[in-house]
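Trainee: Protein chains in written order, with the working numbering: chain A, 1018 to 1216; chain B, 67 to 702.
Treat the hints with care, since some could be wrong.
[Claimed, not checked] Quick list of in silico lysine-lysine cross-link-like pairs, DSS-like style, CA-CA up to 30 Å:
1. B:K87 to A:K1019
2. B:K695 to A:K1112
3. A:K1106 to B:K695
Calculated from the structure, these hints are not laboratory results.
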Amino acid sequence: MKEQVQLDVSGLPLHGRNEASPTCWGTAAFMLIEGSAFAVSIAIYLYLLSIAPSWPLAAAPPDLGPGTVVTVILVLSLVPNWLVGRWAKQDALRKVQLGTIVMCLFGVAPLVVRVYEFAALNVWWDSNAYGSIVWLLLGLHSTHLITDLADTVVLAALLFTRHAGRRRLGDVEDNVLYWNFVVLTWLPIYVCIYWIPRL
Amino acid sequence: MTASEPRAVSDSDLDPPALEKQLAATWRTPGGLWGVLSTVDHKIIGRRYIITAFVFLALGGVLALLMRLQLAGAERRVLSADRYNQVFTMHGSNMMFLFAVPVMEAMAVYLVPLMVGSRNIAFPRLNAFSYWLYLAGGILLWAAFALNMAPDVGWFAYVPLSGPQFGAGKRADIWAQMITFTEVSALAVAIELVVTIFKQRAPGMTLARVPLFVWSMLVTAFLVILAMPTIMIASTSLILDRLVGTHFFNPAEGGDALLWQHLFWFFGHPEVYIIFLPAVGMVSTIVATFARRPVFGYLAMVLALIATGVLAFGLWVHHMFVVGLPRLGESFFTISSMSIALPAGIQIFCWLATLWDGRLMFRTPLLFVIAFMVTFVMGGLTGVMVASVPLDTQVHDTYFVVAHFHYVLIGGAVFPLIGAIYYWFPKMTGRLMSERIGRWVVGLLFVGFNLTFFPMHILGLQGMPRRIYTYPAEMHWGTINLFVSVSATILTSGFLLFFIDVVRSLRHGPPAGANPWGASTLEWATSSPPPSYNFARLPVVGSAQPLWDRPDVLPVVCGLRADRRELLITSLRSAEPQARESSPRNSIWPLLAAIASTVMLISSIFTPWAMVWGAVPVLITLIGWFWPKGTPEDEG
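Extracted from the complex, chain A is given alone in its bound form (with noise of 0.2 Å):
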């Protein structure tokens, strides 16, 4: 078969953002497989509720403060986040690893807090099904928090490093995409584990 040129494509940019780069879109389909996680667990909250005499079983509703403390961080922390995403757009180097530091501070905090979180909940994992779901709940998404942390120092750590290309402030911006997802998710899973047994 004879080639043809068709399309010369040189003129393109060396690497995708946004819309153009496959990481993007790889977070987005990881933030699918984890929603649907999420969506999941919530679900079995809600399926045992529906089955259980009383909500809580057998536990007094966990206290409002250390949950509350974590979710009030986490919504802060959107700001210092958009902030980055908008650095990274800019190509600020500076700033963006300023930006960075910071979120890694804002990934360290709602860690901190929610090892009282975990004793705040009144329950224990094998006291019963309701401690069950309320501690996979919470493991799952401080999962998410640890590794998201893991990904934003190591990250942090490149951009003081020859390696602070363009490349890794397309990083940046889906670390920043990430980031809001793991505040987003948190959101109903605060409702669930907090504000439910209190209806």
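Could you slot chain B onto chain A? The hints should help.
Mentor: Okay, now just chain B, sitting in the frame of chain A:
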């Protein structure tokens, strides 16, 4: 660095032989063990996946034969009751999780990048990782079987049988963790496929020009993404119940046994379509090629694929009709179960119309399609039967159901798959399989299959339950069972002959050339087997049948670099070029990450703390994986 800097080697600067040499140097997988362990070439990994999956098919087949040996007569003692429980659990789990889903994804791993005209799959290192993890999951299950600790709770592992109270030992944990391995691997491939299909299509390949096999894999990948998290949460909950004393499935503490069934089948029913939809894509491809015309009703076919994918999530309760659900729920799921016959019917009629209007070439792949249609329609009809609650109540857990799902799975997926192997084998190996032996294979498989499985309908109607290791002579099931067991040898001989043909053709098959069937899709535009870089110049597409437009001319792209693993990113809908993205080089880290994950997951069967200390090596290997190495691929 930009494209204008002198170090970059553009394909425009090179004449064809020099270009091919440069591309081969950039994309090649080095020889030796290191190359084997570190390759990220989708063709090598796809081939590996396919071969491994067929090894599991053969092993699962041996288990089936063991069961037939045991059931050939009343009160036989070939297998003990305990061993029989392991054997049927292994057979089902192996066939579903280690053969059917992986083999379909494997075909896509090999074919989709070629069919969309790209150089590699998206996230090729994830692809390598997914294979190693799949292999580890398979070895885990079979090693457990060799050690007499294989799961014995059925492939859907119902609680309470699989729970802490009745499922002593580690058998059910092995099952649940095998799920983790295979599902992580399947999910990884699904992500790769979605991104490859969305973003790596050849310029001009708009959504309306995407080959039907690629469409079917796109829908399948979304089913995997939406269904498999459920089974992962379910199997994790099961392990937690067994290992750390949670009560998800323990009714005494507010849990529920039916919850397991809901979770399992919310995944389990889409799973059937995860296996079947790729087969639909294969059939569409084969029909078009051997009828020498495009598939009739392209849009209807695509919509039917999507409709099947959506409806697949609304039927799971039909597996649970006998557990005593509200009547309204049962009626709803009866209707939804029957409604899925509509898109299936549309597909069948579109294929028939294509064949009706085509100039048919009755080669082996098309014969498999005909075997598929007959068998699948029969399986579909019994499917409509068991979708109705009164009938299901009668035949639930009998051999009628065993017959039904083997008709839809073997008829609906394995026949198209073997046809697809005959069809794409020349592309993968450069050699054609034997047409003469192929006809025998179709005949033996079709006749052997029907003689083996049709009588099971009757056994089921006579009341023979599934999963019994023996039965008393007074039940009078012996004669039919003996007939079934003898027929199974015909089916086996078909598979054996197929394997012989594969091995023989690898060495002695006639050379295939680039496009032996005169097919229309892009994988046939490159040599057989394709070079490491797939296409010297990436193709440009002007219709849904690019190779039929102008059979002697291939419109192509220029301006890509040849010294950097580079492929083209195009827009989602209209496939307009957006970027020259790099594709990662070979790496050993995916293998190391898979080993670290395997250690963590298997250890966690024995201690929950493994998830903590085991995560450290996983993290280290992932950092090694993603840390830039200063290659041209890291630029830009």
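Trainee: State for each hint whether it applies.
Mentor: Verification of the hints:
1. Taken as a hint, the K87 of chain B and K1019 of chain A pair is honoured in the structure, with Cα atoms around 19 Å apart against an allowance of 30 Å.
2. In summary, the hint linking K695 of chain B to K1112 of chain A is supported, as the alpha carbons are separated by about 25 Å, within the 30 Å threshold.
3. For the hint pairing K1106 of chain A with K695 of chain B, the CA-to-CA distance comes to about 24 Å; that is within 30 Å, so the pair holds.
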